[in-house]
Amino acid sequence: MSLVIQGGHLIDPANHVDGKKDIYIDDNGFIVGVGKSPAGFKARKTIEAHGRIVCPGLVDLRARLREPGLEYKATIESEVHAAVAAGITTLCCPPDTLPVIDTPAMAQMLQSRAWRFGLAFIHPLGALTQRLEGKLLADMEALDEAGCVGFTNALVPVTDTLVMRRALEYAATLDLTVFLHSEDPWLRNGGCVHEGEVGTRLGLPGIPEAAEIVGVARDLALIEQTGCRAHFCGLSSARAAAMVAQARKKGLPVSADTAAHHLHLTEHDIGDFNTLCHVRPPLRGKHDREGLRKALKTGVINAICSDHQPHEPDAKLAPFARSEPGISALETLLPLTLRLVDEKLLTLAEAIALLTHKPAEIIGVETGRLGVGATADICLFDPEARWTLTEAKIVSRGHNTPFLGQTFRGKVTHTLVGGKLVYEALKK
Amino acid sequence: MNQGLQFDDAGRLRHLLTIEGLSRQTIVEILDTAESFISVGEREIKKIPLLRGKTVVNLFFESSTRTRTTFEIAAKRLSADVINLNVGASSTSKGETLLDTIRNLEAMHTDLFVVRHAESGAAHLIARHVPPHVRIINAGDGRHAHPTQGLLDMFTIRRHKGSFEKLKVAIVGDIMHSRVARSQIHALKALNVAELRVVAPKTLLPMAVEKLGVRPCTRMEEGLDGVDVVMMLRLQRERMQGAHIPSEHEYFNLYGLTPAKLALAARDAIVMHPGPMNRGLEIDSAVADGPQSVILPQVTYGIAVRMAVMALIMGGASASRDSGMRDTASKAHAPAARKKRK
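Protein chains in written order, with full-length UniProt numbering: chain U, 1 to 428; chain R, 1 to 342.
Quick caveat, the hints were computed from the structure, so don't treat them as lab data.
A hint or two may mislead.
[Claimed, not checked] Derived Cβ-Cβ restraints for the label pairs, each shown as a range:
id	chain 1	residue 1	chain 2	residue 2	range
1	R	Gly226	U	Thr347	35 to 45 Å
2	R	Glu210	U	Gly364	46 to 56 Å
3	U	Leu98	R	Gly242	25 to 35 Å
4	U	Pro185	R	Arg66	30 to 40 Å
5	U	Lys344	R	Asp9	32 to 42 Å
6	U	Ala210	R	Met240	57 to 67 Å
7	R	Ser63	U	Leu98	42 to 52 Å
8	U	Thr46	R	Asp9	31 to 41 Å
9	R	Gly213	U	Leu345	31 to 41 Å
10	R	Arg52	U	Pro185	50 to 60 Å
11	R	Gly242	U	Gln406	33 to 43 Å
12	U	Lys393	R	Asp9	42 to 52 Å
13	U	Arg131	R	Ala286	52 to 62 Å
Where is the CB? At the ideal position from N, CA and C, for every residue including glycine.
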């Protein structure tokens, strides 16, 4: 249905647009005009956007939807509803589902399930090694053909350095991007919190900063040798961010993201065993949070992701080390990023870029921009609306978030995917 | 930070989960109450009816002899009905969650749970999910806390040294894995000791331990120099496996408390150990059985201290103060009564 989004403030960082402009969308869901109506255009529907920010739909590089395998936690259906309610129109799913995404059939199944609901787009990340075992390479070419936008062993470390080297060489052969969760498993040693002040006070086994540093150093050495394009997922320490910055300066083809909660929380938020703050990699010290923020500001970190991990309530009702890590985070991705604007770390346009065209470029998908000819994946939000996160408001099946009860500024009002209005907030 | 969970709205101790967050005043109140209970154990009839009609469940997910037995004796001397449950690690493998185990026992109208668990934070988790009338005492959770051990150690120090303010204290051994060390540190800091050192090789010192207000030392010569109290810790024999120490022999040479090393401390220094001891690994028999050792009195005091904690926790609650309480050990619950009127 042809429509016009009228009177809003358009922010489209990829096209350097930041001002009052209307958007015209044709029957096929493509943008046919920005700022001025194309000749003969007739809108059958008008979305009134006065006082709203109009920006590309958000692109989330890491969200676990729990399907297949862990449907008691969440399903593709429940989570794509949560995504569009949060302004997210594109989701990347890590391959650590059950079974693992290491066959074209699995990759296609995920996309077709999402397609059926017609809400957010799902792009699978393929397994780097078969069954994520770190031994035999997965069929990367076939998985690429089936729609995988990157390859990763997710949180399962490839301990064999030679296998890692071959994986990067092979990915480089096919010009594919490898997503890395760099961590030395020996140094991690079953830890569950940052090895620091809070872990020492609570007597919880720690994961030293060195686990991440050693992991990143090893992988950078292999990237330098193989020339593979690589993306570092979920950096948690200031030093790791500095290493990626240096590698970039050297000209290595590396990018990086961090989860929104790592830009706000530290180990101190764990308080007295708050399992909602049990995440992996762990929340680290204040110095690390500041280092990550600096890396965001200087462009070393190219994307903010949700690292969404919905859980059933029981997963968090256990002693800290036995509770399952992860935050249900789709619905706080935009609010937490806007908080960085309120805190004067980023401009609004920079914040939106980190959630839209920059992550889209990492996965090589044509979205995250709103020029003429682009698919109309669009998010509208009221930048002034204040709201409080309560369990009743969470759309995701997972209610596991440490941000419950917090007040945010900025609320999504409309989400369009392929020109179709898929979410509209209820008016008060 | 623990204020919310350990105390009720009126500021009375509701659960004992950790010593962190307890004021000097609260600790002294517990020690004073314990002092009045010492005599109970020396009587012909070792019983007072303070917890008559109350059900105490000793819920041990991890094995223990000393702690479980002294808790049992303490509860029985207070006339409570005591049930010992050694759940072991197998219950979780049967699929029952920790909270389900607790809920089932709660349904049997338990008033107080004494809980030991291998995971740090287990007692906090339980305390967060029991109804308001149920009390929890942490008898050891992972590497986190063992508050009654910390308190009985303070009782022992006070009995032998009088006051805390001028004392130099060293805690020696596996600080990293020790819940006892963490409880001792919080207690000694709250009681304002003059100096507190922790002594261990770097492989057994936790990261950022100085943030707890202690001075880390890696050499016994530095750690024991002039101290008034030496608190030894048990070394798990499997620590060689994690590459924490090379051998028992080398550990004993460097960190075992021998008469020669004890000579570095003040002449009247006391030696403590939470037990069970590894003779010839962390401590020389000549020291363990020597004149400066107060290791066995620690066990005796443990009963009185655990009685005091139970009495204060149960007394500050809805526990009806029956007539039996007035005619026995009246001094014992004086502090509790004082608090209740506030």
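These are the hints, each one checked on the structure:
In this structure, Gly226 of chain R and Thr347 of chain U break the distance hint of 35 to 45 Å, their C-beta atoms being roughly 60 Å apart. Our hint of 46 to 56 Å for Glu210 of chain R and Gly364 of chain U holds, since their Cβ atoms are close to 48 Å apart. At roughly 32 Å, the beta carbons of Leu98 of chain U and Gly242 of chain R sit within the given window of 25 to 35 Å. For Pro185 of chain U and Arg66 of chain R, the hinted distance range of 30 to 40 Å is satisfied, since their beta carbons lie about 37 Å from each other.
Distance hint check: the CB atoms of Lys344 of chain U and Asp9 of chain R are about 40 Å apart, consistent with the given range 32 to 42 Å. Distance hint check for Ala210 of chain U and Met240 of chain R: the Cβ-Cβ separation is about 22 Å, which falls outside the suggested range of 57 to 67 Å. In this structure the supplied range 42 to 52 Å is violated for Ser63 of chain R paired with Leu98 of chain U, their Cβ-Cβ distance being about 36 Å. Remark: the range hint 31 to 41 Å for Thr46 of chain U to Asp9 of chain R is contradicted by a beta-carbon distance near 55 Å.
The hinted range of 31 to 41 Å is satisfied by Gly213 of chain R and Leu345 of chain U, whose Cβ atoms lie roughly 34 Å apart. Between Arg52 of chain R and Pro185 of chain U the CB atoms are about 55 Å apart, so this pair conforms to the stated range of 50 to 60 Å. The hinted window of 33 to 43 Å between Gly242 of chain R and Gln406 of chain U holds, with their beta carbons roughly 40 Å apart. Taking 42 to 52 Å as the suggested C-beta distance range, the pair Lys393 of chain U and Asp9 of chain R does not conform, at roughly 29 Å.
About 58 Å separates the C-beta atoms of Arg131 of chain U and Ala286 of chain R, a value consistent with the hinted range of 52 to 62 Å.
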